[in-house]
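Q: Sequence:
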Amino acid sequence: MKKKILAMFLTATMALSMFAACSKANSDKKIGVAMPTKDLQRWNQDGANMEKELQDAGYDVDLQYANNDVATQVAQIENMSNGGCKVLVIAAIDGDSLGTVLATAKEKDIPVIAYDRLIMNSDAVSYYATFDNYMVGTKQGEYIVNTLDLDNAAGPFTMEITAGDPGDNNAKFFYNGAMDVLKPYIDSGKIVIPSGQKDFASVATAEWSTEKAQNRMDAIISANYADGTQLDICLCSNDSTAYGVANSLSANYTGNWPIITGQDCDKLNVKNMLDGKQSMSIFKDTRTLAAQVVKMVDAIMKGETPETNDNETYDNGTGVIPSYLCEPVFADASNYKEILIDSGYYTEADLA
Numbered sequence: 001m002k003k004k005i006l007a008m009f010l011t012a013t014m015a016l017s018m019f020a021a022c023s024k025a026n027s028d029k030k031i032g033v034a035m036p037t038k039d040l041q042r043w044n045q046d047g048a049n050m051e052k053e054l055q056d057a058g059y060d061v062d063l064q065y066a067n068n069d070v071a072t073q074v075a076q077i078e079n080m081s082n083g084g085c086k087v088l089v090i091a092a093i094d095g096d097s098l099g100t101v102l103a104t105a106k107e108k109d110i111p112v113i114a115y116d117r118l119i120m121n122s123d124a125v126s127y128y129a130t131f132d133n134y135m136v137g138t139k140q141g142e143y144i145v146n147t148l149d150l151d152n153a154a155g156p157f158t159m160e161i162t163a164g165d166p167g168d169n170n171a172k173f174f175y176n177g178a179m180d181v182l183k184p185y186i187d188s189g190k191i192v193i194p195s196g197q198k199d200f201a202s203v204a205t206a207e208w209s210t211e212k213a214q215n216r217m218d219a220i221i222s223a224n225y226a227d228g229t230q231l232d233i234c235l236c237s238n239d240s241t242a243y244g245v246a247n248s249l250s251a252n253y254t255g256n257w258p259i260i261t262g263q264d265c266d267k268l269n270v271k272n273m274l275d276g277k278q279s280m281s282i283f284k285d286t287r288t289l290a291a292q293v294v295k296m297v298d299a300i301m302k303g304e305t306p307e308t309n310d311n312e313t314y315d316n317g318t319g320v321i322p323s324y325l326c327e328p329v330f331a332d333a334s335n336y337k338e339i340l341i342d343s344g345y346y347t348e349a350d351l352a
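Everything in the sequence shown is counted per this note's numbering, starting at 1 for the first residue and increasing by one.
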């Protein structure tokens with residue numbers, strides 16, 4: 001009887017030891033992924049792609065969405081830091097609001113990868129992974145130039161601008177990229193902006209909100225286009241704002257439909273492209289970005305230096321952050337099938 005009890009005790013002890021070893025192994029491969037919100041399609045896809053790629057690489061993933069609430073994201077990151085995460089991948093809601101919580105992560109020697117949105121004014125940021133955000137804007141601007149043949153057309157053409165969230169560092173890169181292309185045509189008078197709203201602060205859209213973009217465009221149309229003035233260009237930095245602008249035009253505008261730019265190739269916006277309500281969208285394949293971030297995480301976990309391809313551009317206020325930039329492409333009704341369907345990003349049914 002005593003031998004039987006001893007054997008049971010030894011078996012239980014071994015099981016506990018194995019459980020503890022397994023738990024430690026899992027904790028040693030735990031990666032925290034903080035995403036801003038589930039309200040936009042792209043962040044759901046980013047989070048899902050990141051989680052799958054990391055799990056396939058053998059990591060335990062703590063994926064959290066913060067409902068666009070900074071305090072919630074701060075608490076989530078704090079929990080990740082205290083919960084054994086070895087690397088943090090963070091798409092910040094507000095790039096200037098994470099300094100204190102990331103200082104704690106730095107004290108614990110937890111590397112931080114800023115995902116798509118650069119985290120500002122924190123020396124805890126180790127790396128940055130994103131698409132070439134300035135190129136996103138230049139591609140939007142070039143599309144407008146080429147579509148309207150601005151180098152040869154007489155003009156003038158009217159334009160209104162809808163930019164992104166002022167708390168998102170990327171929004172200024174998108175805006176600057178497009179405006180650097182279009183500025184010569186604005187300066188020469190070939191492009192005019194009837195509302196007069198041109199500087200970033202005037203055209204920014206908090207939280208990239210569709211509703212806020214729509215409400216602002218309602219006011220612009222009422223004040224500047226209700227008399228039949230033609231609107232030729234709606235420079236929109238992303239798809240959620242472009243969708244709001246298109247909704248406003250559908251409800252309030254009676255002229256010829258303008259060029260509308262966008263970014264992210266959200267399903268609703270691709271459907272709008274096929275219906276002629278949006279001209280183009282910049283496609284940023286989140287699978288590519290997720291795969292690159294997993295490579296960066298893997299290198300860090302192995303004690304190696306992750307690959308970067310831009311070590312000059314992105315200064316977050318504490319110094320230049322080593323970055324990896326993926327290249328975006330533009331999609332429209334003529335090439336969407338090749339880019340979005342044939343690549344497996346969407347199915348035909350997704351866009352029906």
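FYI, nobody ran anything at the bench for these hints, they're computed from the structure.
Glycine residues also receive a C-beta, built at the ideal position from the N, C-alpha and C atoms.
Incorrect hints may appear among the rest.
Unchecked claim - Beta-carbon label-pair distances, calculated as ranges:
1) Thr288 <-> Ala349: 20 to 28 angstroms
2) Glu327 <-> Gly99: 13 to 21 angstroms
3) Glu327 <-> Leu274: 23 to 31 angstroms
4) Asn82 <-> Thr318: 32 to 40 angstroms
5) Gly276 <-> Val329: 29 to 37 angstroms
6) Gly276 <-> Lys183: 25 to 33 angstroms
7) Gln197 <-> Asn82: 19 to 27 angstroms
8) Gly196 <-> Ala349: 22 to 30 angstroms
Q: Now tell me if each hint is right for this structure.
A: Against the structure, the hints come out as follows:
1. At roughly 23 angstroms, the beta-carbon separation of Thr288 and Ala349 lies within the given 20 to 28 angstroms, and the hint holds.
2. About 31 angstroms separates the C-beta atoms of Glu327 and Gly99, a value inconsistent with the hinted range of 13 to 21 angstroms.
3. Remark: the range hint 23 to 31 angstroms for Glu327 to Leu274 is upheld by a beta-carbon distance near 25 angstroms.
4. Between Asn82 and Thr318 the C-beta distance comes to about 24 angstroms, which lies outside the given range of 32 to 40 angstroms.
5. Separation of Gly276 from Val329 is about 21 angstroms and departs from the stated range, judged on CB atoms against 29 to 37 angstroms.
6. Distance hint check: the CB atoms of Gly276 and Lys183 are about 28 angstroms apart, consistent with the given range 25 to 33 angstroms.
7. A hinted range of 19 to 27 angstroms for the beta carbons of Gln197 and Asn82 is inconsistent with their spacing of about 45 angstroms.
8. Between Gly196 and Ala349 the C-beta distance comes to about 44 angstroms, which lies outside the given range of 22 to 30 angstroms.
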